[in-house]
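Novice: Residue numbers (this note's numbering), protein chains in the order written: chain A, 1 to 233; chain B, 1001 to 1222; chain C, 2001 to 2222; chain D, 3001 to 3223; chain E, 4001 to 4223.
FYI, nobody ran anything at the bench for these hints, they're computed from the structure. Think of the CB as a built atom: it goes at the ideal place given N, C-alpha and C, for glycine as much as any other residue. Each hint should be verified, as a subset may be incorrect.
Coverage of chain C stretches by chain E, computed from C-beta distances (three or more under 8 Å per stretch; other residues unrestricted) [unchecked claim]: (1) 2013 to 2019; (2) 2069 to 2083.
Each computed EDC-like pair below joins lysine to aspartate or glutamate, with the alpha-carbon atoms no more than 16 Å apart [said to hold, decoys possible]: (3) E:Lys4209 - D:Asp3167; (4) D:Lys3209 - E:Glu4118; (5) D:Lys3209 - A:Glu88; (6) E:Lys4209 - D:Glu3169.
Chain residues, written in single-letter form:
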Amino acid sequence: MKKIAIGLYAAVVVALMIWGFYQAIYVAPDDAMQGELFRIIYYHVPSAAVAFLFFAVSLAGSIGYLSYRRSHPERAQGADAWALAGAEVGVIFCTVVLLTGPLWGRRAWGIWWTWDARLTTTLVLWLIYVSYLLLRRFAAGPQVQTLAAVLGIFGALDVPIVYMSNRWWRTQHPAPVFGGGEGSGMAPAMKAVLGWNMLAWFAWGILILVLRYQVERRHQINASNEALDALEG
Amino acid sequence: MPRALWTHLVKDLRIEWRSLDAIISMLFFSGLVVVLFSVAFDPRGEFSQRIAGGVLCVATMFASVSALNQAWAREIRHNVMDAQRMVPSPGAELYLAKVIVNFFFVSIVQVILAPFFFIFYNLHIAGQGWLLALVLPLGTWALVGNGIFFAALSITSRNREFLLSLILFPIFIPALLAMVQATTAILTGERDPTLWIKLLAGYDIIFTTVSLLLFDVVLHAE
Amino acid sequence: MPRALWTHLVKDLRIEWRSLDAIISMLFFSGLVVVLFSVAFDPRGEFSQRIAGGVLCVATMFASVSALNQAWAREIRHNVMDAQRMVPSPGAELYLAKVIVNFFFVSIVQVILAPFFFIFYNLHIAGQGWLLALVLPLGTWALVGNGIFFAALSITSRNREFLLSLILFPIFIPALLAMVQATTAILTGERDPTLWIKLLAGYDIIFTTVSLLLFDVVLHAE
Amino acid sequence: MSAPASEGLCAQLDAVSKLFGSFAALRQVSVDLEPGRCYVLIGENGAGKSTLLRILAGLLRPSFGTVNVFGGHEPHEVRERIGYMSHAPMLYDELTGQENLRYFASLYPGRPCLAPSEALRQVGLDPDLTRTLGQYSQGMRQRTSLARVLLPVPELLLLDEPFSNMDVESARQMVELLASFRHGSRTIVITTHQRDLAAPIADWVLALKAGRVASFEPGSPTL
Amino acid sequence: MSAPASEGLCAQLDAVSKLFGSFAALRQVSVDLEPGRCYVLIGENGAGKSTLLRILAGLLRPSFGTVNVFGGHEPHEVRERIGYMSHAPMLYDELTGQENLRYFASLYPGRPCLAPSEALRQVGLDPDLTRTLGQYSQGMRQRTSLARVLLPVPELLLLDEPFSNMDVESARQMVELLASFRHGSRTIVITTHQRDLAAPIADWVLALKAGRVASFEPGSPTL
Ligand code: HEM
Ligand SMILES: Nc1ncnc2c1ncn2[C@@H]1O[C@H](COP(=O)(O)OP(=O)(O)OP(=O)(O)O)[C@@H](O)[C@H]1O
Ligand SMILES: Nc1ncnc2c1ncn2[C@@H]1O[C@H](COP(=O)(O)OP(=O)(O)OP(=O)(O)O)[C@@H](O)[C@H]1O
Ligand SMILES: [Mg+2]
Ligand SMILES: [Mg+2]
């Protein structure tokens, strides 16, 4: 039953992705100033949004783990799996942002990279979660999950600080397009395409997240089965 | 002040005092770092005033990290950490004592090295110099506070020394940024450092509070 | 190649390969150092081309030192060093194997990081870029060769990690200077790096030879 | 293994298993420890003795099963009433024995502790030694470690191979010391490979084998 | 202490003293070791046993006096003929037992070594264990360490408390193994606090006290 649901969902996601791709490449109009390359926005922005969401999932998982680890060990394991899946998939999407951004920047600004707040913020975010994954790799023994959860909380603390500093001075990176002040906003045709791509990427991201979560859960369950076997043998 | 905090402080200070190793090495090390940076970034150039803030902060950072790596070495050596786990007094005090002691040492090193730094880089302070006495301690506290915490967090891992830097640096970047910007603003006198100082203070308060709250979790992780 | 050298190499590579810890951490660490330096020395300024050489060399240095500190960790842990002392095969091979393994790792890290460095600092090479492929390995060898030697020398001391930097840095300064000057000369294209490269090569030859000759003395010190 | 009444018990392990990864160091161990008794844990290398002790100390949590001490507490909650001595000395190399003990004593707020010099004398060391612990020999360190454990007058004493680096005479003295402790109705758990050294106080001998309880038999204490 | 003829001797210590700073760990120790004998070193903690062993191994140099082994060599010069096992395992945590031994075996160029798996089997370990040494228990590590020492078939075997973390049965097996070694006319020096464990092969018992030779008496070996 669960398998069928996931299969169906995956099919929908693929359809959405194709539709989004079609929209982005063939339907959306060229940008007035940047021309063709502007289309990268349909990958850049959704990936960033998805990454942010998943880091939030990771934070929630970390907090969940710490609060349940004594009282409901089983639930805590689930929370930990969410924390790990969120961090891992989030890092992947964040990497996409960090790759598409410079590609775009090379054309738009003539340079690959600059140290403005938005870019630095994103890079720091990526670094923090990579260090989280490294901790999970290097730390040994049963305390890994606890330590990782603690680091997850610390990392998340950092994000708003870095993020706020964004608001405090001008950036080279485009200002918020949506809900910004004067002169923000984009053409409705583009907006629609962006909307479709957003949807497609979210759907896709959530699919990967859930799959990763299940793999991790299966991993945990296998480990405990193996453990039970070891106890028998 | 809680009694246990005091006990931890006295113990650490006594051990340090007995050999003076940590402080002497840190002093020499920081001196070396300043020299190395002078070799690497020729301070005769026209932009020395611009990079001096960065050099000062990065030098502080590397010198402190070497100290931080050793911060729990004594506890690790003969599993003293297990003894600390068996003791009923709260872990937060153990943490705080370590932070204070290390903050104290790094500060001493800074005070001693500052004049040399000014001489090597031919600096003159264009802004309000006394603000430096606020920026440097705040930045150092951010570094040491987080450093001690993450050093404890990485005790049980393989690759302990490395892991500390790997975890600490990303989280420390905002504080470093604020510290560098504030210092440069003060040295060049071109901008107003207040915003950065506030950011630094906020960072310190948030992170120290959370560290105090979570240290027991880390100490009794298994 | 002498058989024992090969044995040591295989052993070290196998241990590293088994966990890949060292190389992953060094990679991430060096990346962090580049980012930290960028945060500290805003490379958007007009002088980024000038300081890039320095940043590159100092970043390499700190990343390597962290690795060097761990170089003998395995041997120290359970007194394996005593076992190495009891073995009849010459210490020089043990030393050389460690140097080669660590040089190999640091070089991998450099190769991977170089592009990022160029992107982050918006560099363009005004001089002969291929010379960098000479300067960096020579500089790295100087660092690693000396580092492994002095790390072995400081094994028995308290405060081991610190001592290494304290001994290594002063001795490494000439090589660092040559490395920075050569790199800057190549990047800016304003001067001729040949003299500096020769200096670096000479430094390598002399120090490696002496290290090989003296390693047995250090190994069997007491 | 013994009576189910839990009130009077010092510690109770119920089907405790401990896994390291997929390796089972302890399997379904159920033991009740009565107050005022001395239990000697024996078993081959890797049988799980140290693991069992660390679980009783609250330093490890069992993967399955429950431990409770002093009537319904988790070991961790009442750690000030438990003394644990491991293979490693758990002391600072840079301080003298006396200073080490003074330090640890003041970390037990509100608990009446032995005077450090008294504790040192009990284990047969000179309290006025000015050498720091790093310069002690193996056995001297072991004794100082025992003194540290005795400081807060714990009600449950867990000793992991306390005799392993001690000369026979010292070991005998220590056993006598432990016997006096037991008469103060404190519970003692000792792991050792030198069964005969511990024999004079062994009320019960618990043999572990590959993580399981292989036998649990009364000893014949003479002290 | 015995005959002055030095040719037939395995090792000869002549008025050896060792100072650490101003502390004398060994004072004027003179002993002759004959080939094919087993010497058991006993003494209190801190008596200087480990120090004496390290001097015989060539890892420490005496502050005064001379040591020579195998007729006129310094221990250091003939270190491939000496096997030394200390408190610490002296092995790599990250390799399996087998890999550790293979590594060390190839560091003895030109000396016929035991096959690693053979050495492991001799000390009663399964050569095909895939766990790395870091995951072994104390006693398993100790055995692997002994296997490392046996590899190059040393003529002088120095063992610092080889039984300290071993269960009695294993210790007995080890003693038998050592006995067979001795019959191959190799010399063995063992320090131990468990004198009775070593008794079956003790040809001589040397007691140290505060760095001096307190007694040097023949044992009554049964193996
Ligand atoms: C070089 C690396 C870059 C990085 C790391 C980066 C990062 C990000 C991030 C994290 C967001 C999401 C912000 C949010 O949802 O609040 C974003 C949005 C955006 N980026 Fe980039 N970006 C980069 C380069 C560029 C370039 C070169 C352009 C175009 C010139 C660009 C245009 C945009 C636009 C238009 C948005 C949507 C703005 C918004 O809705 O807030 N980005 N970028
Ligand atoms: N942290 C750990 N990770 C993995 N395995 C472990 C760990 N600690 C112990 N073990 C394994 O658990 C088993 C039991 O170990 P334990 O130290 O309890 O044995 P022991 O009975 O004390 O043995 P010994 O007499 O040698 O001290 C051993 O096989 C050991 O390899
Ligand atoms: N490196 C050192 N520096 C200073 N003192 C030392 C050093 N090594 C040993 N000692 C001292 O020398 C004395 C003899 O030590 P040694 O380790 O030989 O004793 P031992 O007989 O092996 O004792 P044990 O049975 O406890 O192992 C001890 O008092 C010890 O404190
Ligand atoms: Mg044990
Ligand atoms: Mg000894």
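Novice: Now look at each hint and say whether the structure bears it out.
Specialist: How the hints compare with the structure:
{"no.": "1", "hint": "2013 to 2019", "verdict": "holds (count 4)"}
{"no.": "2", "hint": "2069 to 2083", "verdict": "holds (count 7)"}
{"no.": "3", "hint": "E:Lys4209 - D:Asp3167", "verdict": "holds (12 Å)"}
{"no.": "4", "hint": "D:Lys3209 - E:Glu4118", "verdict": "violated (26 Å)"}
{"no.": "5", "hint": "D:Lys3209 - A:Glu88", "verdict": "violated (42 Å)"}
{"no.": "6", "hint": "E:Lys4209 - D:Glu3169", "verdict": "holds (13 Å)"}
Of the numbered hints listed earlier, those contradicted by the structure are 4, 5.
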